[in-house]
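A.B. asks: Line order of the protein sequences matches chains B and S.
Here the working numbering is used: the first residue of the first sequence is 22, the next is one more, and so on.
Here the working numbering is used: the first residue of the second sequence is 22, the next is one more, and so on.
Think of the hints as simulated: they come from the structure by calculation, not from any bench.
Don't take every hint at face value.
If several chains are the same, the list does not tell them apart, and a pair holds so long as it fits within one copy or across any two.
[Said to hold, decoys possible] For lysine-lysine, the following PhoX-like pairs were computed, each having C-alpha atoms within a straight-line distance of at most 20 angstroms:
1. K205 x K184
2. K348 x K364
3. K229 x K341
4. K305 x K190
5. K155 x K191
6. K333 x K348
7. K358 x K341
8. K333 x K190
9. K198 x K229
10. K96 x K232
The lines below spell out each chain.
2 protein chains.
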Amino acid sequence: MKNNYYAVIMAGGVGSRFWPMSTSNFPKQFHDMLGAGQSLIQRTFERINDLVPSENILIATNKRYEDLVLEQLSKTTKNQLLLEPAMRNTAPCILYAALKIYNQNPDGVMLVAPSDHWIDDEAEFTRNIETSYKACSKSDILMTLGIQPDSPNTGYGYIQFNKDETEIKKVKNFTEKPNLETAKEFISSGDYLWNAGIFVWSVKSIIKAFKNSLPEMIDILDDENNVYNSDFEDDFINTNYAKCENISIDFGIMEKAENVHVLPVDFGWNDLGTWGSLYNKLEKDSEENATVGGQTIFRDANGNMIRTQNGKKVVIQGLKDYIVVEKDDVLLICPKKDEQDIKQITSEVRGTFGEDFV
Amino acid sequence: MKNNYYAVIMAGGVGSRFWPMSTSNFPKQFHDMLGAGQSLIQRTFERINDLVPSENILIATNKRYEDLVLEQLSKTTKNQLLLEPAMRNTAPCILYAALKIYNQNPDGVMLVAPSDHWIDDEAEFTRNIETSYKACSKSDILMTLGIQPDSPNTGYGYIQFNKDETEIKKVKNFTEKPNLETAKEFISSGDYLWNAGIFVWSVKSIIKAFKNSLPEMIDILDDENNVYNSDFEDDFINTNYAKCENISIDFGIMEKAENVHVLPVDFGWNDLGTWGSLYNKLEKDSEENATVGGQTIFRDANGNMIRTQNGKKVVIQGLKDYIVVEKDDVLLICPKKDEQDIKQITSEVRGTFGEDFV
Chain B
22 MKNNYYAVIM
32 AGGVGSRFWP
42 MSTSNFPKQF
52 HDMLGAGQSL
62 IQRTFERIND
72 LVPSENILIA
82 TNKRYEDLVL
92 EQLSKTTKNQ
102 LLLEPAMRNT
112 APCILYAALK
122 IYNQNPDGVM
132 LVAPSDHWID
142 DEAEFTRNIE
152 TSYKACSKSD
162 ILMTLGIQPD
172 SPNTGYGYIQ
182 FNKDETEIKK
192 VKNFTEKPNL
202 ETAKEFISSG
212 DYLWNAGIFV
222 WSVKSIIKAF
232 KNSLPEMIDI
242 LDDENNVYNS
252 DFEDDFINTN
262 YAKCENISID
272 FGIMEKAENV
282 HVLPVDFGWN
292 DLGTWGSLYN
302 KLEKDSEENA
312 TVGGQTIFRD
322 ANGNMIRTQN
332 GKKVVIQGLK
342 DYIVVEKDDV
352 LLICPKKDEQ
362 DIKQITSEVR
372 GTFGEDFV
Chain S
22 MKNNYYAVIM
32 AGGVGSRFWP
42 MSTSNFPKQF
52 HDMLGAGQSL
62 IQRTFERIND
72 LVPSENILIA
82 TNKRYEDLVL
92 EQLSKTTKNQ
102 LLLEPAMRNT
112 APCILYAALK
122 IYNQNPDGVM
132 LVAPSDHWID
142 DEAEFTRNIE
152 TSYKACSKSD
162 ILMTLGIQPD
172 SPNTGYGYIQ
182 FNKDETEIKK
192 VKNFTEKPNL
202 ETAKEFISSG
212 DYLWNAGIFV
222 WSVKSIIKAF
232 KNSLPEMIDI
242 LDDENNVYNS
252 DFEDDFINTN
262 YAKCENISID
272 FGIMEKAENV
282 HVLPVDFGWN
292 DLGTWGSLYN
302 KLEKDSEENA
312 TVGGQTIFRD
322 ANGNMIRTQN
332 GKKVVIQGLK
342 DYIVVEKDDV
352 LLICPKKDEQ
362 DIKQITSEVR
372 GTFGEDFV
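Just chain B, with the same shape it has in the complex (with noise of 0.2 angstroms):
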């Protein structure tokens, strides 16, 4: 019997906030960020994997990063990468996806997930997934993880659910970004969970989601020729992809369509969307010090979070909360609190030391 259970891997970032460690050449998700033993898309992978059978589990990438997947992912082939070739944001990617899988399976049923987030409690999150598989093969729904918020974070998108339902509950509203007060409403008002972009959905309804909200990326994406998993899939990608609208599934989709379902969950999630998210991961010393890849002896200095290529000899003395990255040759000195500058360092760097180094 086919296998109906699909996965899109979003590996298409950048990862910029995380310079010098993460760069265009080699962003964040093919990094081991956690020094787990492990790249973030290797173990987004392999959590995948528990469920869905590898050979359903599509990567999509920039062509730049073609090779890296390949040799990362070493259960992938080819004909499982999407490769965009331009940047158009995540709709449509996930169209790209589903018509792909269509063209294999019309009743697949589809997780859309990040490649560089991590999770916890992994087991939680395939029961969670599987959960959502299920609802998503019965009823003609668009389902949403929704993270259980545990602070007022204005770095996220919120959900609004309706709170007289069952476990998989009706979304009410999508709110972008709020700012602090609001976000604070939103928590105390116990309807609202985080959008961490993980999405499950049956390939036909996705579809019928974007024939309502975006009838002309379908026009551009769904050929009539079988064109997708045949030789001539790279040809029509390269020639249409970038014709498509650059927007999110969130904007384009989500907050139009009327059949959005979310699912709580609590499988301890990280967007690991700065070093400051990435800080609270990390195993810590007794002055709260957190070392990735090489040693280091602290003296007099406490909340440091000190990342280098593996086997360096540091010594921090007299610091407090700052963040040492050294990555080949490029070393970062910075406060925690000025992670947001990164952003902006990254552009210095460009006009300062050139390409090569961001």
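Once you have looked at the hints, place chain S on chain B.
C.D. replies: This is chain S only, laid out in the frame that chain B set:
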């Protein structure tokens, strides 16, 4: 006619206060500490070579640095090296040099100079040394060069001189590292100079001084069989050198001799004794930041010294008055004010990371 001018460059130190740039395998004097294009010992050799024929310049160093010296000083041959088989401070080493020179030329006058100091005005240095050579050729005196002090530094030895004399002044007294109050009195009295460890004397005078003050050392090293500059020199030194007392020339000879004179000099001397004194010599940007080796983008940062491998690209944000040193597999970040802790840090590094990293 035989040239009577000789010199011995003292190059046996380990420079542990400059860790991790300076290590026991590759000490300070072999580094281009200021990014001037030459190592300190190369610069010292060239400076002396303006006055002294290269074949008359001896290098006193530890056996383990033999290859480094020959590699860096291309005008030097094995016969010019005084290879100490054991660390015995400066007195035995200077007596060894004096006896070796005496064997070649009993009329020799010799300069003793550290290998790892910095001198701004090298022409003035040459004039001062020539003045000293001439004085020591004519008179049985031991000369030291006295640096005009510009602060009550408690890290140096002080030389009190007789104000009433002419260019070359009789020394009244030596004082090792005084406390701050005493140092301030010295400075305001106007008859004190810093002892820079730069000496000039005839080989006859210094051998006579050893006979008076350290006769047992003469008994060990003054061999009647003309062993110096022969095939037996190495064996003789290897057998006997370690028997010598571990004592400095200052304590063993200079503080006891009656015929010590000082030439006050002002050629822009810096002993490059600590990262702070190196920092003082470096070119700095408008925010008083200095970089040697790599290139740095400073953001909201001032008073820092960054020393990295060549080509390293560094970004420093929000740091004030720190030393950042990166070399091969080691990185040190330490406040400038804590530079005296670096010796202690090296002990901790030895214990934690092992001998290879110190």
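A.B. asks: Hints first: check each against the structure and report whether it holds.
C.D. replies: These are the hints, each one checked on the structure:
no.: 1; hint: K205 x K184; verdict: within (18 angstroms within a copy, 79 angstroms between copies)
no.: 2; hint: K348 x K364; verdict: within (17 angstroms within a copy, 27 angstroms between copies)
no.: 3; hint: K229 x K341; verdict: neither (53 angstroms within a copy, 59 angstroms between copies)
no.: 4; hint: K305 x K190; verdict: neither (38 angstroms within a copy, 62 angstroms between copies)
no.: 5; hint: K155 x K191; verdict: within (16 angstroms within a copy, 100 angstroms between copies)
no.: 6; hint: K333 x K348; verdict: both (10 angstroms within a copy, 10 angstroms between copies)
no.: 7; hint: K358 x K341; verdict: both (11 angstroms within a copy, 16 angstroms between copies)
no.: 8; hint: K333 x K190; verdict: neither (49 angstroms within a copy, 53 angstroms between copies)
no.: 9; hint: K198 x K229; verdict: neither (28 angstroms within a copy, 86 angstroms between copies)
no.: 10; hint: K96 x K232; verdict: neither (33 angstroms within a copy, 83 angstroms between copies)
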